[in-house]
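Enquirer: Sequence:
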Amino acid sequence: MNVAIQNALAAHQHGDLIAAEQGYRSVLAVEAGNVDAIHLLGLIAKQNGRVDEAISHIRRAVSLAPSSAILHYNLGDALAAAGRIGDAADSYRTSVRLQPELVEAWQNLSAVLEQSGDLPGSLESCQRACELRPHSPELKCNLANVQSKAGQFEKALETLQSAIQQSPSHAPAYCQLGLLHWRLGQFDRARQSFEQGLAMNRSDVALWINFGRLSHRQERYEDAAAAYQTALHVAPHSYEVLVNWATLCKDLGEYEQAIALFERAIALAPARLEAWHNLGKTYEEQGDLQLAIANYERAVAIDPRHGEVRLNRALALLQAGDFANGWREYEWRWCTNDAPTRPQLQVPTWDGASLTDHSMLVWGEQGVGDEIMFASCYPDIVGQARRVAVICDDRLAPLLQRSFPQACVIGAKRGQEQWDQLTPHGITCQIAAGSLPLHVRQQEREFGDRGPYLVPDLSAVQRWRDRYSALGPSLKVGISWIAGTTPKHRRHRTTRLADWLPLLHLPQVDWVDLQYGDTALERDQLPGEVRLHHFTESDPLRDLDDFAAQIAALDLVISVGNATVHLAGALGAPCWAMLPAHWGWRWLADRTDTLWYSSVRLWRQQVAGDWPTLFAQVAAQLLKIAHSAS
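Residue numbers (our numbering): 22 to 651.
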């Protein structure tokens, strides 16, 4: 290597890319075929983000020195940076063929093969790298990552434990081990791994963040907040720490602090969407839909194909009553990380055109409450199509078949549907139940009179009335107090049975337990003078048809926002829904009625989290009704 190149390389190594590039070009002005200068010029182009130029330079160097493994390796890096994964893999393969002991080439070959979905090839390459450098914790962490993605969880755990045994101070191995335990649902082991890593390295920000996230998930909020405080002390300009801490504050209802932290994160990285997205969620939970939608728009502008952002914008639009745009955006529900698998049916999706000559399949989705709510759209299509078939949760099948006798209703256990076997012969179009409003609920007036559309078994209703009559002449009121499937949702929507004591102590009311699931412990803790009648033969988790009859036989249902409200509303049974202050796109904003069900009245918290005041209001109104009924 001549003196001019050595001087340029020295500048390059000290970060003076301008002087280095000038030096390499001066060499090429004298010696146009200097491989080192061409190669290094390509590396500078890659460092400056000019990947196409980098590829051109390094490819030219390769043509001049085709037996150089390093040149093929760096060409692979440039091709990978350009997103040309297949070409990059070819270059790395050539590199390791020429120099089989080049660990970095094996490692990068593994990475691009993993990216392309070739997990067996990625595993093989990563294992080869580990064999060449057996004491590298970094390589073992890479191997464990690929093993985990390939579903080899036990091997991944063994690999990470080996990395820790060889390098006890390597914090990323503890972090990765904790995340793997978390993924496997082993929360205590995950916590232990994070704690062991922090004992070795108190300044590892990733460990603090993940310890905080896990503590948040386990509802150990003080631990989570302390972890984020420590992490921010270690890394005061960490976007990830700010966003995670702000998310914790949001979920705890500490909205002012959440907003301040999200805004700090945005100031650090305005081109990243997480803070914009979660700031939108924060404003939505505060009830400011205009600001929520504005922040969702900023996030969408950064990544228009981010499914969760698009879906949350949809829900905010729907809550604001913008049905035309909201239902269109609601189709993004299929593009979120936790979206259910969409059935691959061999017939086209209905686009809203005339159904006169069509036989349509409607398939249920999401939870039972959603299925019931979207079934309010069935009358709009049953009268139009030549034939309609409905695939639903098997617990709903008898009720839906009775309610829509013109349709063919097919019950199936959710998640176990054999779509090819379930789909009737002759179907010409299909649609998910949640997509029906896109075509038949574009405006508020299209919701119609909102009368009952589900028909209970009348003989079962009479049996339940007879059971209730035996309790005495008082008003018969059913209650349900639990809602939500995630800790965050339950925190906003769920009450404790003890919270209902202001109602349960009211005279002239016979109380009936409608809560699904095992609630024996809560019932047993009620004061002795309180009677909540629990009928063991009623099990909505098993039989929704009989549960519908039980509801229809009551004078009133009072429930938090769960499937019981939807079922009562669809039956036309009087129902009071008790809701958080600003929660639930289905119920829109600032209404005491609902577009879905004429028999449902909405009771909302005036202050977020203030259930006692809401219970007092409901109790006062119910007392008036009980007195008038007697």
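Among the hints, a few may not be true.
[To be verified] Here are the simulated distance ranges between beta carbons:
1. 466 - 170: 25 to 35 Å
2. 358 - 213: 22 to 32 Å
3. 624 - 539: 18 to 28 Å
4. 322 - 179: 24 to 34 Å
5. 439 - 205: 54 to 64 Å
6. 281 - 240: 44 to 54 Å
7. 442 - 257: 56 to 66 Å
8. 378 - 281: 20 to 30 Å
9. 38 - 104: 38 to 48 Å
10. 466 - 278: 35 to 45 Å
11. 278 - 442: 52 to 62 Å
12. 311 - 401: 51 to 61 Å
Derived from the structure by calculation, the hints contain no laboratory data. Beta carbons are placed, not taken as given, at the ideal position from N, Cα and C, and that holds for glycine.
Enquirer: None of the hints should be skipped; say for each whether it holds.
Expert: Here is how each hint holds up against the structure:
1. 466 - 170: 25 to 35 Å: violated (50 Å)
2. 358 - 213: 22 to 32 Å: holds (27 Å)
3. 624 - 539: 18 to 28 Å: holds (27 Å)
4. 322 - 179: 24 to 34 Å: Violated - the Cβ-Cβ distance for residue 322 and residue 179, about 45 Å, lies outside 24 to 34 Å.
5. 439 - 205: 54 to 64 Å: violated (29 Å)
6. 281 - 240: 44 to 54 Å: violated (23 Å)
7. 442 - 257: 56 to 66 Å: holds (59 Å)
8. 378 - 281: 20 to 30 Å: Hint violated: Cβ distance 59 Å, outside 20 to 30 Å.
9. 38 - 104: 38 to 48 Å: violated (23 Å)
10. 466 - 278: 35 to 45 Å: holds (42 Å)
11. 278 - 442: 52 to 62 Å: For residue 442 against residue 278, whose Cβ atoms are near 53 Å apart, the range 52 to 62 Å holds.
12. 311 - 401: 51 to 61 Å: Taking Cβ atoms as reference, residue 311 and residue 401 lie about 31 Å apart, which means the hint is violated.
Checked against the numbered hints listed earlier, the structure breaks hints 1, 4, 5, 6, 8, 9, 12; every other hint is satisfied.
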